[in-house]
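Can you make the complete structure from the sequences, with help from the hints?
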Amino acid sequence: MSNILEVKNLNVSYGGIKAVKDISFVVPKGEVVTLIGANGAGKSSTLRSIVGLVKPESGNIQFKEGELAGLPTDQIVSRGITLVPEGRRVFPDMTVLENLKIGAYMRKDDLEEDLKWVHDLFPRLKERSWQLAGTLSGGEQQMLAIGRALMSKPELIMMDEPSLGLAPIIVQGVFDIIREINKQGVTILLVEQNANMALKAANLGYVMETGRITMTGTGMELLENEEVKAAYLGKAKEK
Amino acid sequence: MSTKTKAAWNVGLIAALLGLLFILEQVMPSGSMLFTVLKKGAIYALVAVSMNLLNGFTGLFSLGQAGFMLLGAYTYAILTIPTESRASVYQYFDGGIVQFALPVPVALIAGGIVAAIFAYLIGLPVLRLKSDYLAIATLGFAEIIRAVFQWDKLGPITNGSNLLRNFPSFKSVLYPFIVSGICIALIVMLINSTYGRAFKAIRDDEIAAEAMGINLAHHKRLAFVISSFFAGVSGGLLAMYQTTIQASMFKSAMTYEILLIVVIGGIGSVTGSCISSFLFIACSEWWLRFLDNENLYIGGFHVPFLRPGFRKVVFAVVIMAMVLFYRQGIMGTKEFSIEAFSGFFKKKFGKKKVEEGGGSHE
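Residue numbers (our numbering), protein chains in the order written: chain A, 31 to 269; chain B, 8 to 369.
In short, the hints are calculated from the structure, not lab data. There could be a bad hint or two in this list.
Here are the computed lysine-lysine pairs in the DSS-like style, where the Cα-Cα straight-line distance is at most 30 Å [to be verified]: (1) B/K13 with A/K156; (2) A/K138 with A/K213; (3) B/K137 with A/K85; (4) B/K137 with B/K341; (5) A/K183 with A/K156; (6) B/K137 with A/K131; (7) B/K13 with A/K138; (8) A/K146 with A/K131; (9) B/K11 with A/K156; (10) A/K156 with B/K353; (11) A/K146 with A/K94; (12) A/K59 with A/K230; (13) A/K131 with B/K13; (14) A/K131 with B/K341; (15) A/K146 with B/K341; (16) B/K160 with B/K258; (17) A/K156 with B/K341; (18) A/K48 with A/K38; (19) A/K146 with B/K11; (20) A/K94 with A/K59; (21) A/K146 with B/K13; (22) A/K183 with A/K213; (23) A/K138 with B/K341; (24) B/K11 with A/K131; (25) A/K183 with A/K146; (26) A/K138 with B/K160; (27) A/K85 with A/K156; (28) B/K137 with A/K48.
This is the structure:
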C-alpha cells in the first residue's frame, strides 16, 4: 500500500515557541489515521501546517509525489487535501447550501453529483438547505463542516477534533460518518482528544506529546498499550 | 414564482419606474425638491451599495469612500471641461496642462478606474489590517487625498483649492437613475456569483474561508478595488449633479453620511441601502429642513432650540436610537423582492379574512 501523505522532520514554531518538533509520519492511502494527544501537544499545528495555514519552519510534506511545504493554501486545497477546522467554523450568516458550495470553491466543474453525494450522506443538510448555518445545532454544524470539506472532492480529508463539544450519541454518529466516508475511498487523518473513539476507528495511530511523536501502532495496539491507557483512556495502570 | 416570471416582473417594474420618472419630469416644475432628492438619492444609492459591498458583504470596515468619490469626481471634471473654457476655469494656472476633453461616459468610467487604481495601491499595505485599524487607515487616506488635491503645486491639473466648473452635467433625472441602476445591477450580479459567495465566507469566518482554499489577500483586494471603482463612478455623477466641485466638499462627514445610509438600510442588504439612501436624502434636503428655521411658529408658539444645523442633531439622535434599538436597520440582511412583498400582503390579507370570519361567527 502506498502512502498518500509523508511528513518528514516537520518543525513548526509560533514566534519562537516550538509547537511541533521534528516529527515524521505517514498516512497510507485509503486508511483512517489518527493523531492523538493532550492539549497543546501540537496536533492542530501539524494539520494547519500541512494545509498551509501556518508556514512550517522546516521539513518536507509529500502529498502524492508533490511537495506541499511552502505552498499557499489555495494550491494545496486544489491538489486534493481539505481540513475540517477545529470548532466546526461553518459560515453562520450563509445558508447551508451556500456553505456547501463554498467548499467546492476551488473547483470549476459541475457540482450536482457531489451535492447529491453529500446530501445522501447527510439527509439533514438537504432538508435544511435554505436555513442559515448559524441556526443549526452543534451536531448538524459538524455534519455541515464535514460535508463542506467533501465538496472539494478531496483524496485526503483532515479533521481537527470533530467530536469537540458534542453529546456522546452525536459523537458516535460523527464516527459512523467518518467510517462511511473512508469506505467510499477517502483517506482520513483524524486529530482527536477522544482517544478511545479515534483509536477504535483508526487503522494506524500516532501519539503526540509536547510536539513530538512518542508512540506508533495500529489502533488496536495503542488501545491495548498500558501507557496510552493510563494517559488518554483514563484507566489506571495494572500493577 | 419561476425565475422567468420573476425576471419579467423585475423588468416591468424598472420600466414602470423609469416611465413614472419621465412623466413626473414632464408634469412637475423642474425646480421641485422632489427632483433634487431623486437625483442625489440615486447617486448616494450607488455609493452606499458600493460601501455595503465592502462593509456588509466582505466584512471590511472601510471609511475611505469620500476619498474615492473625490478621485472619481476630479477625474471626471478634469477630463471633460471643454477646451475653450479651460482658460477661465484654470485662470490661476495658465489654463492647466490637460488640453483635451473626453466624452461623458468615457470620463465617468475613467473616474472609476482612477479610483480603482488608487484602491489597489492603497490596498496593498492597508488590507493587512483588520476592523477598526482598517477603518482608521482608510479614513486617513481619504483625508490625505483631499489635502493633496488642494495642493498648489498640483494646480495645473487639479486647479488647487479653486472650483472646477463648466464640465457637462445632466438635466434629466433619468440619467443618474440609469447609470446608478446599471452599476448596482453589476454589483448585485457580483454578489450572487461565486466571488460574492467567497466574499461572504471571508466576512463570516476568515480562517475557515482560508481553509476552503479562498485566497484572502486576493479576494479582499478584489472587493476593495471593485467597491472603489463604483465609488469613483458615483463621485463622477455627484460632480455632474453639483455642476461645480472642490476638494473641500469631500470631507469625512460625507463618508459618515454614507455609512449612516448603509446602517439605516441594513448592513448586508442592497435594496436596504437604496431605500435608505432616498429616505436619508429626502430627510436631509427636504423634509427636515424646517428644523433649520430659527423662527418657526406653530400657532403663535415659538419652537425652541431650532437654528441652522439643528437637523444634524436630529440625525445624531436617530443614529443612536438605531444602534441601540434597531441594529438590523430597515432590511437587515434581507432583500426586497416581489415575492416577499406579495407574501407580506397575502399574510396580512389572509389574517384579515380569518378575523372577519371569526367576527361573523359570533
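Evaluated hints:
The straight-line distance between the Cα atoms of B/K13 and A/K156 is roughly 25 Å, inside the 30 Å bound, and the hint therefore holds. Pair hint A/K138 plus A/K213 holds up; C-alpha atoms about 26 Å apart against a cutoff of 30 Å. Annotation: proposed proximity of B/K137 to A/K85 holds, straight-line Cα distance about 21 Å (limit 30 Å). Restraint check for B/K137 and B/K341: satisfied, since their Cα atoms lie roughly 26 Å apart, inside the 30 Å limit.
Proximity of A/K183 to A/K156 is assessed by CA-CA distance (about 18 Å); at most 30 Å being required, the pair is judged to hold. The hinted pair formed by B/K137 and A/K131 meets the criterion: a straight-line CA distance of about 26 Å does not exceed 30 Å. A threshold of 30 Å between alpha carbons decides the hint, and for B/K13 with A/K138 the separation of about 28 Å falls inside it, so the pair holds. A hinted pair counts as satisfied when its Cα atoms are at most 30 Å apart, and A/K146 with A/K131 qualifies at roughly 12 Å.
Restraint check for B/K11 and A/K156: the C-alpha separation of about 25 Å stays at or below 30 Å, so the hint holds. As the CA atoms of A/K156 and B/K353 are separated by approximately 28 Å, the hinted pair is consistent with the 30 Å bound. Between A/K146 and A/K94 the alpha-carbon distance is near 27 Å, which keeps this suggested pair within the 30 Å criterion. Between A/K59 and A/K230 the CA atoms are separated by roughly 18 Å; this keeps the pair inside 30 Å, and the hint holds.
Distance check on the hinted pair: A/K131 and B/K13 sit about 24 Å apart at the alpha-carbon level, within 30 Å; holds. Our distance criterion of 30 Å between C-alpha atoms is met by A/K131 and B/K341, whose separation comes to about 20 Å. Simply put, A/K146 and B/K341 have alpha-carbon atoms about 28 Å apart, close enough for the 30 Å limit, and the pair holds. Of the supplied pair hints, the one linking B/K160 and B/K258 holds, its CA atoms being roughly 21 Å apart against a limit of 30 Å.
With a C-alpha separation of about 22 Å, the suggested pair A/K156 and B/K341 falls inside the 30 Å cut-off, and the hint holds. Using a Cα cut-off of 30 Å, the hinted pair A/K48 and A/K38 holds, with the two alpha carbons roughly 16 Å apart. The straight-line distance between the Cα atoms of A/K146 and B/K11 is roughly 26 Å, inside the 30 Å bound, and the hint therefore holds. For the hint linking A/K94 to A/K59, the alpha-carbon distance of about 10 Å falls within 30 Å, and the restraint holds.
A distance of roughly 27 Å separates the Cα atoms of A/K146 and B/K13; the hinted pair therefore holds under the 30 Å criterion. Pair hint A/K183 plus A/K213 holds up; C-alpha atoms about 15 Å apart against a cutoff of 30 Å. Pair hint A/K138 plus B/K341 holds up; C-alpha atoms about 29 Å apart against a cutoff of 30 Å. Distance restraint check for B/K11 and A/K131: the Cα-Cα separation of roughly 24 Å lies within the 30 Å cut-off, and the hinted pair is therefore satisfied.
For the suggested pair A/K183 and A/K146, the alpha carbons sit about 13 Å apart, so the restraint of at most 30 Å is met. Distance check on the hinted pair: A/K138 and B/K160 sit about 51 Å apart at the alpha-carbon level, beyond 30 Å; violated. For the suggested pair A/K85 and A/K156, the alpha carbons sit about 37 Å apart, so the restraint of at most 30 Å is broken. Between B/K137 and A/K48 the CA atoms are separated by roughly 27 Å; this keeps the pair inside 30 Å, and the hint holds.
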